[in-house]
Amino acid sequence: MTALSAWIRKTPSWQAIISLSLALWFGASLVLDFVMMPGMYSMGMMSQPDFASMGYSTFERFNHLELLFGAIALTGVLVLNQQQHFFGSQTRKAIMLSTLLLGIAIAYTYLFTPQMSAMGMSLTPLEPLAEFPPLMETMQQGYWVLEVLKLASAWILLRLCHRQMQTP
1 MTALSAWIRK
11 TPSWQAIISL
21 SLALWFGASL
31 VLDFVMMPGM
41 YSMGMMSQPD
51 FASMGYSTFE
61 RFNHLELLFG
71 AIALTGVLVL
81 NQQQHFFGSQ
91 TRKAIMLSTL
101 LLGIAIAYTY
111 LFTPQMSAMG
121 MSLTPLEPLA
131 EFPPLMETMQ
141 QGYWVLEVLK
151 LASAWILLRL
161 CHRQMQTP
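The opening position of the sequence shown corresponds to residue 1 in this note's numbering, with each subsequent residue numbered one higher.
It is worth saying that the hints were derived from the structure and are not from the lab. From a predicted model like this one, the values you see are computed outputs, not experimental measurements. Careful, some of the hints might be misleading.
[What the hints assert, rightly or not] Label-pair distances were calculated between CB atoms; the ranges are:
hint : residue 1 : residue 2 : range
1    : Thr58     : Ile106    : 16 to 26 Å
2    : Gln83     : Thr58     : 29 to 39 Å
3    : Glu147    : Ser57     : 11 to 21 Å
4    : Met136    : Met96     : 28 to 38 Å
5    : Leu65     : Leu149    : 11 to 21 Å
6    : Thr75     : Leu151    : 16 to 26 Å
7    : Gln141    : Ser89     : 34 to 44 Å
8    : Leu78     : His162    : 11 to 21 Å
9    : His64     : Ser42     : 23 to 33 Å
10   : Asn81     : Ser42     : 41 to 51 Å
11   : Ala118    : Val148    : 21 to 31 Å
Each residue gets a CB set at the ideal place from its N, CA and C atoms; glycine is no exception.
Use the sequences and the hints to build the structure in full.
What follows is the structure in C-alpha coordinates.
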(Lines of atoms letter the chains of each structure in order from A and count residues from 1; the text may use other names and numbers.)
(Lines give C-alpha, C1' and ligand atoms only; values in the text may rest on other atoms or scores of the structure.)
Protein backbone atom coordinates (compact mmCIF):
# COMPACT_ATOMS: atom_id res chain seq x y z
CA MET A 1 0.00 0.00 0.00
CA THR A 2 2.84 2.39 0.77
CA ALA A 3 4.37 1.67 -2.62
CA LEU A 4 1.11 2.62 -4.32
CA SER A 5 0.74 5.87 -2.40
CA ALA A 6 4.37 6.77 -3.09
CA TRP A 7 3.82 6.05 -6.78
CA ILE A 8 0.71 8.26 -6.87
CA ARG A 9 2.58 11.21 -5.33
CA LYS A 10 5.24 11.16 -8.05
CA THR A 11 4.49 12.20 -11.58
CA PRO A 12 3.66 9.13 -13.63
CA SER A 13 6.54 7.75 -15.62
CA TRP A 14 6.31 6.16 -19.04
CA GLN A 15 6.82 2.76 -17.38
CA ALA A 16 3.74 3.33 -15.24
CA ILE A 17 1.71 4.69 -18.17
CA ILE A 18 2.56 1.65 -20.31
CA SER A 19 1.83 -0.75 -17.48
CA LEU A 20 -1.48 0.88 -16.62
CA SER A 21 -2.68 1.04 -20.22
CA LEU A 22 -1.67 -2.59 -20.88
CA ALA A 23 -3.35 -3.77 -17.68
CA LEU A 24 -6.57 -1.90 -18.53
CA TRP A 25 -6.51 -3.21 -22.10
CA PHE A 26 -5.82 -6.78 -21.00
CA GLY A 27 -8.61 -6.73 -18.40
CA ALA A 28 -11.13 -5.09 -20.72
CA SER A 29 -10.36 -7.64 -23.43
CA LEU A 30 -10.90 -10.51 -21.01
CA VAL A 31 -14.23 -9.04 -19.88
CA LEU A 32 -15.37 -8.53 -23.47
CA ASP A 33 -14.26 -11.99 -24.63
CA PHE A 34 -15.30 -14.11 -21.69
CA VAL A 35 -18.21 -12.21 -20.12
CA MET A 36 -19.96 -9.99 -22.65
CA MET A 37 -19.69 -12.13 -25.79
CA PRO A 38 -20.84 -15.39 -24.15
CA GLY A 39 -23.59 -13.44 -22.38
CA MET A 40 -24.87 -11.98 -25.63
CA TYR A 41 -24.73 -15.40 -27.26
CA SER A 42 -26.55 -17.18 -24.42
CA MET A 43 -29.29 -14.54 -24.34
CA GLY A 44 -30.06 -15.30 -27.98
CA MET A 45 -29.03 -11.90 -29.26
CA MET A 46 -27.46 -13.41 -32.40
CA SER A 47 -30.93 -14.26 -33.69
CA GLN A 48 -32.18 -10.68 -33.30
CA PRO A 49 -32.45 -8.61 -36.50
CA ASP A 50 -30.41 -5.73 -35.04
CA PHE A 51 -27.62 -7.90 -33.65
CA ALA A 52 -25.07 -6.89 -36.32
CA SER A 53 -25.62 -3.16 -35.86
CA MET A 54 -25.57 -3.48 -32.06
CA GLY A 55 -22.41 -5.59 -32.25
CA TYR A 56 -20.80 -3.06 -34.58
CA SER A 57 -21.50 -0.14 -32.26
CA THR A 58 -20.12 -2.07 -29.27
CA PHE A 59 -16.99 -3.33 -30.98
CA GLU A 60 -16.37 -0.09 -32.85
CA ARG A 61 -16.13 1.82 -29.58
CA PHE A 62 -13.95 -0.82 -27.98
CA ASN A 63 -11.71 -0.99 -31.06
CA HIS A 64 -11.08 2.74 -30.88
CA LEU A 65 -10.04 2.32 -27.25
CA GLU A 66 -7.73 -0.48 -28.39
CA LEU A 67 -6.17 1.88 -30.92
CA LEU A 68 -5.53 4.36 -28.13
CA PHE A 69 -4.01 1.71 -25.84
CA GLY A 70 -1.87 0.33 -28.68
CA ALA A 71 -0.61 3.80 -29.58
CA ILE A 72 0.20 4.54 -25.94
CA ALA A 73 2.11 1.26 -25.61
CA LEU A 74 4.15 1.80 -28.78
CA THR A 75 4.83 5.45 -27.98
CA GLY A 76 5.90 4.60 -24.43
CA VAL A 77 8.22 1.82 -25.57
CA LEU A 78 9.83 4.08 -28.17
CA VAL A 79 10.22 6.96 -25.70
CA LEU A 80 11.75 4.71 -23.06
CA ASN A 81 14.12 3.22 -25.60
CA GLN A 82 15.18 6.66 -26.81
CA GLN A 83 15.59 8.20 -23.35
CA GLN A 84 17.17 5.48 -21.27
CA HIS A 85 17.32 2.14 -23.12
CA PHE A 86 14.82 0.94 -20.54
CA PHE A 87 14.34 -2.58 -21.90
CA GLY A 88 18.04 -3.29 -22.35
CA SER A 89 18.56 -6.49 -24.35
CA GLN A 90 14.77 -6.88 -24.62
CA THR A 91 14.30 -3.63 -26.57
CA ARG A 92 13.71 -5.30 -29.93
CA LYS A 93 11.17 -7.66 -28.38
CA ALA A 94 9.33 -4.79 -26.67
CA ILE A 95 9.17 -2.77 -29.90
CA MET A 96 7.95 -5.78 -31.90
CA LEU A 97 5.28 -6.63 -29.31
CA SER A 98 3.98 -3.08 -29.06
CA THR A 99 3.93 -2.75 -32.86
CA LEU A 100 2.07 -6.05 -33.09
CA LEU A 101 -0.48 -4.85 -30.53
CA LEU A 102 -1.13 -1.67 -32.49
CA GLY A 103 -1.33 -3.64 -35.74
CA ILE A 104 -3.93 -5.99 -34.27
CA ALA A 105 -5.98 -3.03 -33.06
CA ILE A 106 -5.82 -1.51 -36.54
CA ALA A 107 -6.90 -4.82 -38.11
CA TYR A 108 -9.84 -5.07 -35.70
CA THR A 109 -10.94 -1.48 -36.27
CA TYR A 110 -10.66 -1.23 -40.03
CA LEU A 111 -10.98 -4.83 -41.25
CA PHE A 112 -12.66 -7.30 -38.93
CA THR A 113 -15.40 -5.24 -37.27
CA PRO A 114 -16.74 -3.54 -40.42
CA GLN A 115 -16.58 -6.71 -42.52
CA MET A 116 -18.15 -8.99 -39.92
CA SER A 117 -20.90 -6.47 -39.22
CA ALA A 118 -21.65 -6.08 -42.92
CA MET A 119 -21.87 -9.86 -43.35
CA GLY A 120 -24.23 -10.12 -40.40
CA MET A 121 -26.68 -7.47 -41.57
CA SER A 122 -29.81 -8.45 -43.40
CA LEU A 123 -30.83 -6.42 -46.42
CA THR A 124 -34.49 -7.02 -45.68
CA PRO A 125 -35.62 -5.04 -42.67
CA LEU A 126 -36.92 -6.84 -39.59
CA GLU A 127 -35.81 -10.25 -40.81
CA PRO A 128 -32.74 -11.93 -39.37
CA LEU A 129 -30.30 -13.70 -41.63
CA ALA A 130 -31.32 -17.28 -42.35
CA GLU A 131 -27.71 -18.40 -41.89
CA PHE A 132 -24.35 -16.78 -41.56
CA PRO A 133 -22.15 -16.65 -44.67
CA PRO A 134 -19.27 -19.17 -44.73
CA LEU A 135 -16.73 -16.34 -44.71
CA MET A 136 -18.12 -15.20 -41.33
CA GLU A 137 -16.83 -18.36 -39.63
CA THR A 138 -13.40 -17.89 -41.19
CA MET A 139 -13.29 -14.29 -40.00
CA GLN A 140 -14.36 -15.32 -36.50
CA GLN A 141 -11.54 -17.85 -36.41
CA GLY A 142 -9.12 -15.15 -37.54
CA TYR A 143 -10.49 -12.85 -34.85
CA TRP A 144 -9.86 -15.45 -32.14
CA VAL A 145 -6.35 -16.16 -33.40
CA LEU A 146 -5.56 -12.44 -33.27
CA GLU A 147 -7.24 -12.15 -29.87
CA VAL A 148 -5.04 -14.90 -28.37
CA LEU A 149 -2.00 -13.28 -29.98
CA LYS A 150 -3.03 -9.88 -28.59
CA LEU A 151 -3.56 -11.19 -25.06
CA ALA A 152 -0.26 -13.09 -25.10
CA SER A 153 1.63 -10.06 -26.47
CA ALA A 154 0.07 -7.70 -23.94
CA TRP A 155 0.90 -10.10 -21.11
CA ILE A 156 4.53 -10.51 -22.23
CA LEU A 157 5.00 -6.74 -22.67
CA LEU A 158 3.40 -6.10 -19.29
CA ARG A 159 5.81 -8.60 -17.70
CA LEU A 160 8.77 -6.94 -19.45
CA CYS A 161 7.73 -3.55 -18.06
CA HIS A 162 7.19 -4.95 -14.60
CA ARG A 163 10.51 -6.80 -14.62
CA GLN A 164 12.39 -3.67 -15.73
CA MET A 165 10.64 -1.53 -13.10
CA GLN A 166 11.83 -3.94 -10.40
CA THR A 167 15.49 -3.74 -11.36
CA PRO A 168 17.34 -0.75 -9.91
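Here is what the structure says about each hint:
1. Thr58 with Ile106: 16 to 26 Å: Because 18 Å falls inside the window, the suggested range holds.
2. Gln83 with Thr58: 29 to 39 Å: About 38 Å separates the Cβ atoms of glutamine 83 and threonine 58, which means 29 to 39 Å holds.
3. Glu147 with Ser57: 11 to 21 Å: Holds, since glutamate 147 and serine 57 (Cβ atoms, about 19 Å apart) stay within the stated range.
4. Met136 with Met96: 28 to 38 Å: Given a distance of about 31 Å, which is inside 28 to 38 Å, the answer is holds.
5. Leu65 with Leu149: 11 to 21 Å: Cβ of leucine 65 to Cβ of leucine 149: about 18 Å, so the range 11 to 21 Å holds.
6. Thr75 with Leu151: 16 to 26 Å: Cβ of threonine 75 to Cβ of leucine 151: about 21 Å, so the range 16 to 26 Å holds.
7. Gln141 with Ser89: 34 to 44 Å: Holds - the Cβ-Cβ distance for glutamine 141 and serine 89, about 35 Å, lies within 34 to 44 Å.
8. Leu78 with His162: 11 to 21 Å: For histidine 162 against leucine 78, whose Cβ atoms are near 19 Å apart, the range 11 to 21 Å holds.
9. His64 with Ser42: 23 to 33 Å: With a Cβ separation near 27 Å, histidine 64 and serine 42 satisfy 23 to 33 Å, so the hint holds.
10. Asn81 with Ser42: 41 to 51 Å: 45 Å, holds
11. Ala118 with Val148: 21 to 31 Å: 24 Å, holds
This entry satisfies every hint, going by the numbered hints stated previously.
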